[in-house]
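Respectively, the protein sequence lines represent chains A and B.
Under our numbering, read the first sequence as residues 1 to 359, first letter to last.
Under our numbering, read the second sequence as residues 1 to 327, first letter to last.
The reader is advised that the hints may include incorrect statements.
Heads up, incomplete: computed chain B residues facing chain A, CB under 8 Å, no partners named [stated by the list, open to error]:
1. I66
2. G69
3. G74
4. M75
5. N92
6. I95
7. G96
8. R102
9. G104
10. R108
11. R109
12. G142
13. D166
14. I193
15. A196
Quick list of the computed label-pair ranges, beta carbon to beta carbon [what the hints assert, rightly or not]:
16. A:S359 - B:P50: 37 to 47 Å
17. A:P286 - B:P295: 56 to 66 Å
18. A:S257 - B:M1: 49 to 59 Å
19. B:Q47 - A:I326: 55 to 65 Å
20. B:K195 - A:E341: 25 to 35 Å
21. A:P342 - B:V297: 40 to 50 Å
22. A:S210 - B:P141: 26 to 36 Å
23. A:I326 - B:D188: 52 to 62 Å
24. B:P50 - A:S210: 42 to 52 Å
25. A:G60 - B:D188: 51 to 61 Å
26. A:P286 - B:P50: 52 to 62 Å
No lab work stands behind these hints, which were simulated from the structure alone.
All residues carry an ideal CB built from backbone N, CA and C; glycine is no exception.
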Amino acid sequence: MFSEQSSSPTPGLSDNGSTVPDKYGAGPPPLTDTDLLEMYRTMVLSRKLDQRIWQMNRQGRAAIVASAQGHEAAQVGAIRALDPERDRFYIYYRELTTMLALGVTPLELLLGFLAKEGEPLSGARQFPLHGAIDRDRRDIVSFSNVVATQLPQAVGVALADKMRGEKRVTVAYFGDGASSMGETHEAMNFASIHRLPVIFFCENNKYAISVPISQQMNIESIATRASAYGMPGIEVNGFDAVAVYEAVGAAANLALSGQGPTLVEAVVERFLPHTSDDDDTRYRPPEDLEGIRDLDPIPATEKILRASGTLDDALNEEINSSAQKIVNQATEDAENAPFPEPQDFYEQVYAPGSPGDQS
Amino acid sequence: MAEMTVIEAVREALREEMERDPSVFTMGEDIGARGGVFLATEGLLDQFGPERVIDTPLAEAAIGGIALGAAVNGMRPVAEIEFGDFIWPAVNQIIGEAARVRYGTQGRRTAPLVLRVPYGGGVRGGLFHSQSIEVAFSHQPGLKVVAPATPYDAKGLLKSAIRDDDPVIFFEHKRTYRLVRGDVPEGDYTIPIGKADVKRTGTDLTVVSYGLVLHYCLEAAATLMEEGIDVEVIDLRTLRPLDTDTVLESVRKTSKAMVVHEDTKAGGIGGEIAAVIAEEAFEDLDAPVKRVAGPEVPAMPFSPLLEAEFMPSAEKITAEMRELAAY
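The following block holds chain A by itself, in its conformation from the complex:
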C-alpha cells in the first residue's frame, strides 16, 4: 500500500487546498465558499469559547481545560467531510471544535466545564467533554482520559456496523501521544485485517504533554506507519481546513466503499499548554511557537474568504460579535445552573433492576 505526505509538515495554509493524491479515489465534493464560511463561523465560535473557558479556569471557576486552540481547522475540516447523523465519533479530550461542529451547544459544553447539572455527556460525573451524547441525537463517545483506549473501541464499533451491514464511518480521534500506545497498534492492525470502515484521525500537535515528538518517535510522519498495516496514510496540514476536509473525505469514501481504514494525520500546533494545570514554559522553548501564531488557521481562513469576496468587514464583525454574544449568554446560563445533587449518585452502576443495582 502507500502513504503520502500530502503537504508540508509545517502548518501553513496551502495555496490551493487540493492536497490529496488522486490514487485515494474520488474525493469529497468541492467545498463552496458558503461551506467554508460556515466552517469559519464554527472556528471563530470555538476560539472564543475556548478563550472564555481558559479565562474561567484562571478565575477559579472551571477546574480543568484542555484547549483546542490551534486544532480548530483540523477539527472543523474533518467533520465537514463526514455525516454527523450517519457516522460515529470516538473523540478525545481536545475536541471542542469537533463538538461544536457536531451540534453540541456552547451552553452544553460550558455546563461540562463548570460541572453543572444538565451536562449532556455524563451529568458532570466526568471531566469536561467526557461521556456520551444521547445516541439518538449523535453518536459521540469519549469514555476515558486514558489515551488510546478509544481506538480498539472504535474498531469494535465499526466491526458491529459491518456485521449488521450498516454503511457508516467510525472516526477514532487521537493525538501524537496516543500514537505510542500498544492499543493504537492493535486497533490499526485489526481494522486493516477486517477492512473495517474506520478513520484513524491523528491530531499531531508535536507534544505529549511535555515530551516533544523527537522523543516520542524516530520517524518524521505518523502517517507513514499506515503502510505497515496495509492501509493508506495521509499526512495533511492541519491548519488547512480544506486540505483536512479533502483527506478525511477521501478516507470516508474508502471506508464506505468497503476498502477499509485510513490513517489521517493532521499536523497542528498546540497554542497553549497541555491543560490548564500544565506550565509549558518549563519545557517549551519560546522560539518553538515563534511565527506559528502568524499561521493561525482562523485569520488564515479569514484571508481566503476575503480573497474570494465571501467575507467583508461587516460580515466578519457580525460573525465575531454574534459568536461573542453566544459565548457570553452561555456563560451566564451555565453559571446560573446548579451543581448536580447526589441523589442519582448510585444510579447506572448496573442496569436498573439487575443484580447489584443500588438505585
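Starting from the known structure of chain A, arrange chain B on it as the hints suggest.
Relative to the frame of chain A, chain B by itself:
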C-alpha cells in the same frame, strides 16, 4: 437430562445463544478452526461462519477493546481470553473502561459483553497457566463476576451472562473442564447471576467456596459426615455481586464459618466474606471465621509435588473443617 462436562456445557450455552440471538458473536485466539485451546468453541466456526466466530491476532488489549466497542454498538460479544494469565493487557479496557461505561455516561451507553476466562491450576500449568485472577475483577463496581463449578451452573450462568446488560467476566476453572461431569437439562434454562447455591445442606458448619475447590469441599464434607460432622457447603457461583444473604442465613444456622478458595489468602474473596460475616452475624458465631486459601507465593509452581503443595486439597480442607468443628 444429559450428563456432560463443564466444557461441553459452556459450548452448548454458547451455541444455543448464538442460535437464539444474531447479535451474539464470539472472538478470541485460536477459537476458529482450532475450536479454542480447550475446545470450548469446537464446531462453532462451521455452524456460524467466520463473521461470528472471529480468530483474533494475539492481542488481548484489542480483544477487550473491540469486544467493548461492539457491545456499546448493539452487539453481544463473547470474547475468550485464552488463559486468564494472559488477561492483563486487556485490563485497561475491562476494569478501566468497560466497568465505567454505564456510570460514566449516565446510562447513555452500556457494555453487554462477556469475557470468558479459563483460570486456575492443578493442570501442570506452572506460573503462567495456573493463576487465579478473579479477585482483581471482583473488586471493581460496574463489573459482574461469575465463577461456576458445575456443568449445570456453567450452562445456565453463561446464558444469563450473555443476556445481561452489563459486562460480565465469566471465570471457568480449567481443571473442572473435563474432570467435573453432571446432569444438564436439554434446551434453554438460565441461572440468575448474584445467587449462591447451597450445594450440600448441613447443620454444624458453613463452608463457602467456588470453582474447583468447591468439589474438594464437598468431598471433605462427605468424609466428615462419617465422623458425625454435618457440613453445609455453599457455592458462591457469582463473586460480584456477592449473595451475602445466603451466606449469612447459613452462618446464623450453623454458627461456624469457613471460606475456601484456591486463590491466595491476603486480600482475597475469603477476606470479604469473613468481613461480611463479622459485620452482620458476629453474635451468631461460636468460632472465628476460618480462611483456607492458596499460600502467599506469586503463583502455582510447575513440578507436581510443588503444585500439590499450593493447592488446597480435600485432605487439607478436611483437616481444617475438623478443627473448626471441634472449636
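Here's how the hints hold up against the structure:
The closest approach between the C-beta of I66 of chain B and any C-beta of chain A is roughly 4 Å, which is under the 8 Å cut-off, so the hint is satisfied. Among the interface hints, the one on G69 of chain B holds; its C-beta lies about 2 Å from the nearest C-beta in chain A, closer than the 8 Å criterion. Because the smallest distance between the Cβ of G74 of chain B and any Cβ of chain A comes to about 6 Å, under 8 Å, the interface hint for this residue holds. The beta carbon of M75 of chain B comes within 5 Å of a beta carbon in chain A, closer than 8 Å, and the hint placing it at the interface holds.
Interface hint status for N92 of chain B: upheld, as the beta-carbon distance to the closest one in chain A is roughly 6 Å, under 8 Å. Because the smallest distance between the Cβ of I95 of chain B and any Cβ of chain A comes to about 11 Å, over 8 Å, the interface hint for this residue is violated. With 8 Å as the threshold, the beta carbon of G96 of chain B comes within range of chain A, its nearest partner Cβ sitting at about 6 Å, so the hint holds. Nearest Cβ of chain A to the Cβ of R102 of chain B: about 5 Å, under the 8 Å cut. The hint holds.
This hint holds: G104 of chain B has a C-beta 5 Å from the nearest C-beta of chain A, less than the 8 Å allowed. For R108 of chain B, the interface hint holds, since its Cβ comes within 8 Å of a Cβ in chain A; the closest pair sits about 4 Å apart. Taken as an interface hint, R109 of chain B checks out: its beta carbon lies about 5 Å from the nearest beta carbon of chain A, inside 8 Å. A least Cβ separation of about 6 Å between G142 of chain B and chain A falls short of the 8 Å threshold, and the interface hint therefore holds.
At its closest, the beta carbon of D166 of chain B sits 5 Å from a beta carbon of chain A; the interface hint therefore holds under the 8 Å criterion. A cut of 8 Å between beta carbons decides the hint on I193 of chain B: the least distance to chain A is about 5 Å, and the hint holds. Given hint, A196 of chain B at the interface with chain A, is violated; its Cβ is 12 Å from that chain's nearest Cβ, farther than 8 Å. Restraint check, S359 of chain A to P50 of chain B: a C-beta distance of roughly 41 Å satisfies the suggested window 37 to 47 Å.
Checked against the hint of 56 to 66 Å, the C-beta distance between P286 of chain A and P295 of chain B comes to roughly 60 Å, which is consistent with it. Between S257 of chain A and M1 of chain B the Cβ separation comes to about 53 Å, which falls inside the hinted range of 49 to 59 Å. For Q47 of chain B and I326 of chain A, the hinted distance range of 55 to 65 Å is satisfied, since their beta carbons lie about 57 Å from each other. Between K195 of chain B and E341 of chain A the CB atoms are about 34 Å apart, so this pair conforms to the stated range of 25 to 35 Å.
The hint said 40 to 50 Å for the Cβ distance between P342 of chain A and V297 of chain B, and at roughly 43 Å that hint holds. Checking the proposed 26 to 36 Å range against S210 of chain A and P141 of chain B shows it holds: the Cβ atoms sit about 34 Å from each other. Distance hint check for I326 of chain A and D188 of chain B: the Cβ-Cβ separation is about 56 Å, which falls inside the suggested range of 52 to 62 Å. Separation of P50 of chain B from S210 of chain A is about 45 Å and conforms to the stated range, judged on CB atoms against 42 to 52 Å.
Against the hinted window of 51 to 61 Å, the Cβ-Cβ separation of G60 of chain A and D188 of chain B comes to about 59 Å, which satisfies the hint. Taking 52 to 62 Å as the suggested C-beta distance range, the pair P286 of chain A and P50 of chain B conforms, at roughly 56 Å.
Checked against the numbered hints given earlier, the structure breaks hints 6 and 15 and satisfies all the rest.
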